[in-house]
Amino acid sequence: MVAMLELKNVEAFYGPIRALHGISLSVEQGGIVTVLGANGAGKTTTLRAICGMIKTTGSIKFEGREIFGKLTESVARLGIAHVPEGRGTFEKLTTEENLRLGAFTRRDRNAVAEDMDRVYGYFPVLAERREQQAGTLSGGEQQMLAIGRALMLRPRLMLLDEPSFGLAPMIVQEIFRIMRSINENDGVSMLLVEQNAALAMDLADQAFLLETGEVVMSGDTKTMKEDESIRTSYLGY
Amino acid sequence: MEIFLQQVLSGLATGAIYASLALALVMIYQTTELINFAQGEMAMFSTYIAWALINAGMPYWAAFFLTIGISFVGGMAIERIIIRPVEKAPVLALVIVFIGLLVIFNSLAGWLWTYTIKEFPSPFPVGSPGGNTYIGFHQLGMIGVTLLVLLFLYLFFRFAPLGLALRAVAQNPVSSRLVGVRVGWMLALGWGLAAAVGAVAGMMVAPRLFLDPNMMGGVLLYAFAAALLGGTTSPLGAVIGGFTLGVLENLAGTYIPFIGTELKLAFALGIIILVLLVRPQGLLGKKIVARV
Amino acid sequence: MAVDTIEEKLATRHAQSQLEAKLAFYKRIGLIGLIIFAVALPFLVSDFRTFQFTRVLYISIAVLGLNILSGYNGQFSLGHGAFIALGAYVAAIMMDRWGVPYYLTIIPAGLIGFIFGFLIGLPARRLEGLYLALATFGLALATPQILKKFEIITMGVQGIVVDKPEVPFGLPISQDQWLYFFTLMILLVLFWAARNLLRARTGRAFVAIRDHHMAAESMGVNAGFYKPLAFAIGGAYAGVAGALATITIQFVAPDSFGVFLSITLLVGSVIGGIASIGGAIFGGIAIVFIPNVAEEISKAAPWAIYGVILILFMYAMPSGIMGFINMLWRGYVKRLLTRT
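Residue numbers (our numbering), protein chains in the order written: chain A, 1 to 237; chain B, 1 to 292; chain C, 1 to 340.
Only true hints are included.
The list that follows gives simulated cross-link-like pairs (lysine-lysine, BS3-like), each with its CA atoms no further than 27 Å apart: (1) B/Lys118 - C/Lys299; (2) A/Lys70 - B/Lys88; (3) C/Lys334 - A/Lys55; (4) C/Lys9 - C/Lys334; (5) B/Lys88 - A/Lys92; (6) A/Lys8 - A/Lys61; (7) A/Lys55 - B/Lys88; (8) A/Lys55 - A/Lys70; (9) C/Lys22 - C/Lys334; (10) C/Lys9 - C/Lys22; (11) A/Lys8 - A/Lys225; (12) B/Lys88 - C/Lys334; (13) C/Lys334 - C/Lys27; (14) C/Lys164 - C/Lys148; (15) A/Lys8 - A/Lys222; (16) A/Lys55 - A/Lys8; (17) A/Lys70 - A/Lys8.
Hint data in this document are derived by calculation from the structure and do not stem from the laboratory. Quick caveat, the model's predicted, so the values are computed rather than measured.
My request is simple: use the sequences and hints to build the entire structure.
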């Protein structure tokens, strides 16, 4: 089977500084893959590289097609929705306008309306905040809005950058539960970057461990969780 | 009282001029946070195009809409070709490019059409409703057209997906890219809209000020002031700012003898600066409310 | 990783400081060469060219004032021409009405520019970016109107004519050459003063306020004083430039001090390199000579050519000439360092 997303030997640069030293990883159709690692390991950079947000070398294939070197907006148009670090809320627009923007590239108006209802179904609190300026939403609500906005693209692959960041444990649980159902109900594959290893390992089927821009370990989350040495030295729980 | 009413009404008519060019400034400002100093000259140039079309025998309204179309495309082309290479340059470099554009348009118009003053037709009848002495058909028409442009822009930004995308780019270009908005083309769209709105402004102003390459030079400052007064990101604010400025300037010129006609501009600016000291975001500009 | 011995470290350090001394020496030689060239210039060209170079000199002084205000302190002014007008009229009135010799008008023009600048700078403290641009733009627009309004003092549109200065001490040079040297002397003093000022406490305060207003204030930099001070210094430099303009051209009238003058100063400032001292000279050269070049290229639409030159210039050197030179210089130094 061909992997949905396949990175081979990807290097990425911030100016003259190399942040990724040849990363290879893949996401299966319908799967959830998590990328774990400490601060500065290159997790966010990996997502940015996929979306053409920084200078990269190597090969990045999406559904068998090379997407390396494409513009960020073109990558989005292929069906890859990126929920960025810091949520990327359009603060001065309303909640509903934020969601409408998520569907900007789509022309199927009826389906867009359906998807809007679906997002409100997953996140009822957003429906209550429909006409509210998005900048005034709480952190958790903004994270939900970011995921909702990504869903509006009707993506086949979602890139999530630390959705748990800065949120209360209760809300994190809730968001991860919804992410699982999005994966199961809508068949959206996910590439999840997390610092909260325990949570991410529970959700994902595969994990990649990054350390200073290199993959140091990868495999099934089930087997990795059972391995005591991995757990204590890399996952910290 | 009669003088007062007359001054207010003619102030509104002048204000419509400022308002319509201020609208054009807001179009570019909201995506780039830059004031395009060449906006007035671009509007003047568009008006010359309309003049040439009408002179070639085209009916007024056909020339009117064709000019808007040409200006729209021209505005987009200017952004893609001339502005794009300096997109990431320091702000001041861009300001100099705007000044460059300003002198280019001014000089080209003078070269192509000479500096002699030309008459430009008004689409509205001569005279005034009921023969009143306060306000003529053209002035009324001008106010009406300005309000129509405002309505069009309001509907565009509120309901059209492209309008929404334009607002999104203004706030967060990175997120906009992530949802698939082609940011470069949105910037160009802003320029296209600005040029089109400016063309309308020019064609409305020309019957009153007469057409010559320096027609919009003074208007630009007023429009700039109006845009800042109303809040640079709000089309409605720009229009209100324009009308306020027109009326204020007229009343000051009439009722404060020392000011007279020479200093009324300085006075109006003084007032605006006072207002901005109290309310820096302008009358209708929004302060961003955000949780940190 | 290899651990350097103390001796090796000392050796590298020594090499570096030697290099620094060498570079500073080059810079000084270059500067002296430039000054010698500037002194020789009026003997190499015609009187008309000399007159043009005199204009370059006093315009450079005004541009330097704008650089201090905008480049170092970050307050953008579209109305710096107003201060030139002020200095020009101070000089003209002193010479015409009160018979004051021309060389005694320079300091009063600078002082009045300083005071007026400080006063303008007070309300400007609360205006940021575009708002300041508008306010100063308005100042530029109002300047000719105000000059016309106060006709009793300024003689209105007809302007004031003053005499051309005589060559003193029986020197064997022409009046234009003397004017050039007189202006050059003042320029050297003012540039030297600006260099010292910007390297000292005041300069650091200016830059700190420009780069981070709040951080600067929390470190005890009194922005409420330094921001108007920057305006005052900018005003003083422009005032001196204005007085020199009157002396050089022997005529002042309201319409030479409109918006165009202020815009031109900004153009010169940015082309030269806004946060630099030396850039002001390039700015002065650009202001005086670009229109000439444009006219050479096309007599029909010289200003269109002028506009094209401005735009192309910004494509090539978005940080101005000094920014470009600094970039080359840094590259050169880096190469020298890697070689040692």
